[in-house]
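J.: Heads up: the sequence shown is residues 115 to 195, going by the numbering used here.
Derived from the structure by calculation, the hints contain no laboratory data. Some clues are possibly wrong.
[What the hints assert, rightly or not] Okay, the calculated beta carbon distance ranges per label pair:
{"hint": "1", "residue 1": "His188", "residue 2": "Gln123", "range": "27 to 35 Å"}
{"hint": "2", "residue 1": "Gln123", "residue 2": "Ala184", "range": "31 to 39 Å"}
{"hint": "3", "residue 1": "Gly195", "residue 2": "Ser157", "range": "24 to 32 Å"}
{"hint": "4", "residue 1": "Gln162", "residue 2": "Gln137", "range": "31 to 39 Å"}
{"hint": "5", "residue 1": "Ala185", "residue 2": "Thr120", "range": "30 to 38 Å"}
Bear in mind that the values here come from a model prediction, so they are computed numbers and not experimental data. Note that CB positions come from ideal geometry on N, CA and C, so glycine has one too.
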Amino acid sequence: MALLGTKSQILEDSGYSYSFDRQIYINRRTKKVFSVEFVEDPSEEELQRCINEDTPAGNWRFYFNSEPSAALKHELAGVLG
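When you get a sec, could you build the whole thing from the sequences and use the hints?
T.: Right, dumping it as structure tokens:
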């Protein structure tokens with residue numbers, strides 16, 4: 115399994131920034147959010163596939179190990195813009 119540091123670098127190279135207070139990686143341009151827990155699980159190739167997936171127009175895409183609640187999605191979308 116790849117080290118989290120390597121996967122973090124993949125995310126940073128793809129335009130993601132890390133939010134220490136929420137423990138998530140965010141890309142406002144692509145409207146995607148990855149939790150640290152999610153990033154730890156897949157291979158580098160699988161993570162890259164998720165990064166490359168299209169996001170539905172105008173909606174945020176959340177990559178978590180378990181589906182975040184609608185309230186959390188709404189809160190994050192509001193905070194993130």
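J.: All the hints need checking, so say for each whether the structure fits it.
T.: Here is how each hint holds up against the structure:
1. His188 <-> Gln123: 27 to 35 Å: 31 Å, holds
2. Gln123 <-> Ala184: 31 to 39 Å: For Gln123 and Ala184 the Cβ distance comes to about 32 Å; the hint holds.
3. Gly195 <-> Ser157: 24 to 32 Å: With a Cβ separation near 31 Å, Gly195 and Ser157 satisfy 24 to 32 Å, so the hint holds.
4. Gln162 <-> Gln137: 31 to 39 Å: 21 Å, violated
5. Ala185 <-> Thr120: 30 to 38 Å: 33 Å, holds
Violated hint for the displayed structure: number 4, the only one.
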